[in-house]
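K.L.:
Below, each chain spelled out in residue letters.
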Amino acid sequence: MKCSVLAVILAVMVLGLGASAGTISGKVSGVNGESVVYVEAPAGKMFPAPTAHPLIDQKGLMFQPHLTVIQVGTTVDFLNSDTVAHNVFWTSVGGNKKLTHNLGTWPKGEKRSFKFDNPGAVPLLCNVHPEMSGYIVVVPTPYFVTTDKTGEFKIENVPDGSYSVTAWHEGAKNQSKPVSVAGDTKADFTLSK
Amino acid sequence: MHPRQRIVRILLSISAVVFISDASYAIPAFSRMYGTSCSTCHVDFPKLNDFGKAFKDAGFKFPKDDEGFIKVPPVMLGAPANKELFPHTIWPGQIPGVPPIGLRYNHFFQVVSQNRNSFNLQSPTDPAGQQFIPRTDFQTGLFSIFTAGNFGSDIAFWVDDDISVSGANSNGGLGDAYLRFVNLSRLLKLPTDSVNLRVGQFELDLPFSQARSWNLSGWDIYSQANIGAAGVQNVNNAFALSNAAQGVEISGGHHYGGYQYSLAIVNQNTGQPVGGGVGVSPQVAFTSDSNFKDLYARFQYRFNLERDPASRREIQAAGATGPRDHTYLSLGTLYFYGRSVQRFAGQDTSGSGLVLTAREPFYRVGADFNFNYHALNLFGQFLYGRDQNLLPIMPSGATLPTGFATGSAAHFSGGFLEADYVVYPWMVAIMRWDRVNSTADMLSGVGADQNAPPANSYFSPFSSVRNRYTPGIQFLIHANIKTSFEYQIRPKQIVYAPGTNIPLTGAFRTNSAVVGLEFVY
Chain A
1 MKCSVLAVIL AVMVLGLGAS AGTISGKVSG VNGESVVYVE APAGKMFPAP TAHPLIDQKG
61 LMFQPHLTVI QVGTTVDFLN SDTVAHNVFW TSVGGNKKLT HNLGTWPKGE KRSFKFDNPG
121 AVPLLCNVHP EMSGYIVVVP TPYFVTTDKT GEFKIENVPD GSYSVTAWHE GAKNQSKPVS
181 VAGDTKADFT LSK
Chain B
1001 MHPRQRIVRI LLSISAVVFI SDASYAIPAF SRMYGTSCST CHVDFPKLND FGKAFKDAGF
1061 KFPKDDEGFI KVPPVMLGAP ANKELFPHTI WPGQIPGVPP IGLRYNHFFQ VVSQNRNSFN
1121 LQSPTDPAGQ QFIPRTDFQT GLFSIFTAGN FGSDIAFWVD DDISVSGANS NGGLGDAYLR
1181 FVNLSRLLKL PTDSVNLRVG QFELDLPFSQ ARSWNLSGWD IYSQANIGAA GVQNVNNAFA
1241 LSNAAQGVEI SGGHHYGGYQ YSLAIVNQNT GQPVGGGVGV SPQVAFTSDS NFKDLYARFQ
1301 YRFNLERDPA SRREIQAAGA TGPRDHTYLS LGTLYFYGRS VQRFAGQDTS GSGLVLTARE
1361 PFYRVGADFN FNYHALNLFG QFLYGRDQNL LPIMPSGATL PTGFATGSAA HFSGGFLEAD
1421 YVVYPWMVAI MRWDRVNSTA DMLSGVGADQ NAPPANSYFS PFSSVRNRYT PGIQFLIHAN
1481 IKTSFEYQIR PKQIVYAPGT NIPLTGAFRT NSAVVGLEFV Y
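Residue numbers (our numbering), protein chains in the order written: chain A, 1 to 193; chain B, 1001 to 1521.
Hints in this document: simulated from the structure, not taken from any laboratory.
Please note that the accuracy of each hint is not assured.
Claimed, not checked - Counterexamples of contact, computed for chain B against chain A with all Cβ distances above 10 Å: (1) PRO1046; (2) ALA1177; (3) TYR1178; (4) LEU1179; (5) LEU1184; (6) LYS1189; (7) GLN1210; (8) ASP1220; (9) ILE1315; (10) VAL1355; (11) TYR1384; (12) SER1460; (13) ILE1481; (14) ILE1494.
Stated by the list, open to error - Sample of chain A residues at the chain B side, in silico, Cβ under 8 Å: (15) THR83; (16) VAL84; (17) ASN87; (18) PHE89; (19) ASN102; (20) GLY104; (21) THR105; (22) HIS129; (23) PRO130; (24) GLU131.
As the list claims (entries may be wrong) - Cross-link-like lysine to any residue pairs, in silico, SDA-like; alpha carbons within 20 Å at most: (25) A:LYS154 with A:ALA182; (26) A:LYS59 with B:GLN1316; (27) A:LYS98 with A:THR83; (28) A:LYS108 with B:GLN1316; (29) B:LYS1071 with A:SER81; (30) B:LYS1293 with B:TYR1363; (31) A:LYS59 with B:ARG1032; (32) A:LYS108 with B:PRO1309; (33) B:LYS1053 with A:ASN127; (34) B:LYS1053 with A:THR83; (35) A:LYS59 with B:ASP1065; (36) A:LYS108 with B:ARG1032; (37) B:LYS1071 with A:HIS66; (38) B:LYS1071 with A:MET62; (39) A:LYS59 with B:GLY1068; (40) A:LYS173 with A:GLU110.
From the three backbone atoms N, C-alpha and C, an ideal C-beta is built for every residue, glycine too.
Produce the complete structure using the sequences and hints provided.
P.N.:
In structure tokens, the structure reads:
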């Protein structure tokens, strides 16, 4: 957690060079449930990845949590808590099928880890239980948020400036729009399938 | 384009109308209860994968931590704490939270080769049309209901019934209906799952289930009865291994690795009319007309051949890209012993009438193997059957038989060999060879009894050996919807003039192409 905060502070310094930070808030509509809203990286800007490893569990024939958002370069731990065999694989990252990967099989109580170096949505699947579904959304900056179930969101501590902001939802088309952040800024999205 | 890709594209184009549809919401009982796909337990329904075998062995529940997987909580028939009050209260049980009911329907389309005309030409004026084989035919199959689950305390249940057969609502019949008490061995301080008890009506523990076969047509040897040639043999045993049996069964072990056995005591079931027979009127009585109970025994041992010892012991093997069925070889044997009953109107030495009962001991003995390597499953069965043959004795001067003398035994043999290859998880290619060697079948088919010739010409086996080759392919449109295709290269047949043994045709095959469509929900 400390590392994440440090990373955000560092990112703020790099992005804004001391400029004041604002907030992007709004609503994602047209879809039901949680969406992800994140700020795209300005050209040439890199953000150090947090060192913490988020955990995705396979329990009760489900990926838990169903949706995880991470920053590029983050390592995710995959745990199997079930007494049945599972695997984890994905067919693409951000729609790029060349980035397909299969983590194989491991028994109950053990973990396997993977570092995600490419941005985009990662659809998690299990080849034994095809109904199992999970998503990792790999985003390029530390400025991201998961909406509440009504679609409302607020991204805080975004340095003032001009950005491209993207909204993602499972099964819907991404939508990006330019946003100029200066203090509190509004940005609404309407997604469609 | 890669040849395999080309084949897939062609198949997809041909089947586009059928295949392209919205997501399926139709799922059978266990899928509903556990919130999981049919493919968790089935390779190509109803064929079970290793996990499905373990699920069945465990009494229709997950082998470990079952409660953690149930998405619809069961209804408790008494709090678990009531166990401490026993015997002053009923032992607490449970029923599934949703009615565990599944339905299955199938439909067929058949095309018969031109050779059918070799038969049709023999009865061109048959008014009823019963002697005519059409070129094409749509056939309504089964509409079945099935329910299964676990009542807690390791008591499993299964009932299936064909509500409708061939479009006729009243033709259906009860399939399996039983209670299974799993892991009774824990009460006897024996190894886990080494003793289970099943009571009711059930298919015998065959190496490969005919009742839940994934093929469009059953394996011939499991349907083989032993009906002796008229005038030569007095065997009239309609028993076939695929028949449902009523009785009790003790079993143990696992179908997914190691040993597995079953011992069953079942009603005599040889198809003789109740209390009836030759010259004897049937009487209202019990459905089994023999006090003797038939015996069935089976033993198999399955060698899981994974290199990793830890993986060998698991229900599924740990593959590099995910869990899968083990590479395994199982070897097994079966034995059935029973008595076939026939009754005759006879007389005693003084000439008074009496009913003569012949109880002819018979047995079936078989061996089987099952080999699985990744997507390839190769398996086979050999079976030998033998019936003692008691011939009626008619002393000179007597008008009816007075007893029996032992004649030559009636026997048959045969089996099948099948290879299933999972091309894709939704496409399975199948090749089968069925073989039955029964001299009695051929002699019976000739219609040698000139005193009682059949009314019409009919098919007869051309030789004692009947070979059938059946390539097929099956597609899962969804995990619960399947379309299957078989091309049956059938045994040679011939048509004789009734009661004369004079052949009316040369030998010919009526090969058939059969397409089936079925779904469960």
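K.L.:
Hints the structure violates: just list their numbers, smallest first.
P.N.:
9, 27, 36, 40
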